[in-house]
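*Asks:* Sequence:
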Amino acid sequence: MTARRRSRYQRLLRWYPAAWRRANGQLMLDTLEQAADAHDRTLPSLREAWSIRAHGLVERATPAAIAVVAGLALALSTVPIGALWTGSFDSSPWSLALTFGTQYGGALAASLAAGALLLRTGIIPAEQALFAAAAAVPAWAFGALMAASWSVGFDEADAGTGLSWFGSASLAFSGLAWIFGILALLPFTLAALRHAGSGAVVWTFGVGIAAAGALALGLMGILPSGAVLMSGLALFIASRRIRSTQRTERIRPNQRAARRPLSPGRRRQLAVVAAASAIIGLGCVAFALTGSLWGIGALDATDTMRIGILFGSVASTITVAASAVALYARVGLPIVGAAAALIGALLLVALSYTLHDDAPAGWTLLVFAGIATGLAGGILLIPLLPRRWWLQTLLVVGIGAAIGTTIGMQGIMMATFISPVVAIVLAVMMARRPRSARLAPDLAPVNAS
Numbered sequence: 037m038t039a040r041r042r043s044r045y046q047r048l049l050r051w052y053p054a055a056w057r058r059a060n061g062q063l064m065l066d067t068l069e070q071a072a073d074a075h076d077r078t079l080p081s082l083r084e085a086w087s088i089r090a091h092g093l094v095e096r097a098t099p100a101a102i103a104v105v106a107g108l109a110l111a112l113s114t115v116p117i118g119a120l121w122t123g124s125f126d127s128s129p130w131s132l133a134l135t136f137g138t139q140y141g142g143a144l145a146a147s148l149a150a151g152a153l154l155l156r157t158g159i160i161p162a163e164q165a166l167f168a169a170a171a172a173v174p175a176w177a178f179g180a181l182m183a184a185s186w187s188v189g190f191d192e193a194d195a196g197t198g199l200s201w202f203g204s205a206s207l208a209f210s211g212l213a214w215i216f217g218i219l220a221l222l223p224f225t226l227a228a229l230r231h232a233g234s235g236a237v238v239w240t241f242g243v244g245i246a247a248a249g250a251l252a253l254g255l256m257g258i259l260p261s262g263a264v265l266m267s268g269l270a271l272f273i274a275s276r277r278i279r280s281t282q283r284t285e286r287i288r289p290n291q292r293a294a295r296r297p298l299s300p301g302r303r304r305q306l307a308v309v310a311a312a313s314a315i316i317g318l319g320c321v322a323f324a325l326t327g328s329l330w331g332i333g334a335l336d337a338t339d340t341m342r343i344g345i346l347f348g349s350v351a352s353t354i355t356v357a358a359s360a361v362a363l364y365a366r367v368g369l370p371i372v373g374a375a376a377a378l379i380g381a382l383l384l385v386a387l388s389y390t391l392h393d394d395a396p397a398g399w400t401l402l403v404f405a406g407i408a409t410g411l412a413g414g415i416l417l418i419p420l421l422p423r424r425w426w427l428q429t430l431l432v433v434g435i436g437a438a439i440g441t442t443i444g445m446q447g448i449m450m451a452t453f454i455s456p457v458v459a460i461v462l463a464v465m466m467a468r469r470p471r472s473a474r475l476a477p478d479l480a481p482v483n484a485s
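Note that our numbering has the sequence shown beginning at 37, numbered continuously upward.
Honestly, I wouldn't trust all of these hints.
Computed spacing ranges between beta-carbons, pair by pair [to be verified]: (1) MET256 - ALA170: 51 to 59 Å; (2) SER234 - ARG42: 43 to 51 Å; (3) HIS231 - ALA397: 33 to 41 Å; (4) VAL237 - GLY158: 18 to 26 Å.
It is worth saying that the hints were derived from the structure and are not from the lab.
This structure is a prediction, so every number in the text was calculated from the model and none was measured.
Heads up, the beta-carbon is just placed ideally off N, CA and C, and yes, glycines get one too.
Given these sequences and hints, build the entire structure.
*Replies:* Listed below in structure tokens is the structure:
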């Protein structure tokens with residue numbers, strides 16, 4: 037036994053969490069020392085050190101830690117979208133570094149969170165997972181360099197000044213990013229195909245799938261929304277694995293028991309309201325698409341589209357309110373908050389379409405409408421999230437940001453065309469007898485004859 041070797045083992049064990057070291061550190065250290073004496077090693081081998089680091093990171097990869105990494109990824113990946121929304125993006129070196137650094141830094145953190153979730157399922161060993169994480173770092177780094185190089189080269193070509201070495205290195209950076217991306221995905225593809233056949237077959241298909249997957253992830257990473265979607269999904273899955281406290285779990289059934297199903301009279305009322313909303317919504321859609329042919333004054337196709345979406349957004353609030361009433365018995369209070377946020381988003385869209393095309397406030401209103409739509413989605417997922425209020429709040433904000441910055445604005449602007457379909461479905465469901473009533477046994481007396 038040497039003091040130098042023991043000190044090296046102690047430093048390696050710092051990869052484990054402090055709580056784990058207090059409970060198991062001394063036993064682990066003694067075991068490592070005995071194994072080193074048996075193999076006559078004066079220092080830990082490279083393979084042994086790599087294994088200790090990998091298993092230490094596995095102990096740190098708790099659902100809460102994964103949620104933190106996914107939340108960080110989400111925060112970083114929304115920076116480029118915020119720059120685009122606010123019009124603050126430019127091609128200066130500092131702006132490029134900030135934009136692509138945060139965009140691909142968010143993609144890296146999102147991929148690490150996704151890999152940690154897969155690691156917890158036992159798909160791959162810890163050593164291979166650490167190898168994948170190590171390869172992911174240069175993969176996304178070269179991806180960021182590729183995006184920055186392409187942007188610089190585009191500006192240089194547009195200015196006619198000739199390409200610098202950095203502006204002409206896009207292809208080289210993309211090739212390096214692809215190679216490291218294949219290395220990062222290879223442990224997962226080989227593990228998934230380990231029972232598919234011989235070693236040559238597994239490696240052939242594993243490399244092919246990893247190459248296609250790395251290319252797909254690289255293309256998705258070019259768009260800021262790609263990292264947002266990946267980090268938002270990882271955040272949601274990690275949050276689902278965080279256990280709630282026993283106290284909140286006891287309260288939840290009582291809250292559900294207090295909710296009552298809709299009465300037949302209320303169902304008929306909702307069916308009538310939903311049908312009326314569908315009729316109004318279909319009229320708004322027809323006017324938006326064909327109103328210019330109706331010969332109403334001097335309205336052209338742009339004017340009728342604007343008016344149709346304006347009134348269609350207002351009519352969609354009826355569908356949202358009726359849907360909230362219908363779903364309250366199943367979802368509870370979260371549906372009320374989600375409906376309020378969605379109605380606010382629809383009113384913001386309607387208000388934006390009352391302004392002229394060149395009014396800067398119109399775009400600002402649409403941005404806030406997208407944010408409100410994302411918030412509605414985050415609130416709607418509250419029943420699936422941990423019950424701790426502070427963690428629930430952070431997750432709602434994070435997931436809402438992911439929804440708002442990706443599909444929020446586009447979705448709420450299309451509400452005029454989607455809402456009539458939702459209203460028709462709601463009207464049909466409310467007009468039908470509830471399933472419990474259809475399945476109830478006939479209580480009338482039966483004559484035996």
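*Asks:* So which of those numbered hints doesn't the model satisfy?
*Replies:* Result: hints 1 and 3 break, sorted rising.
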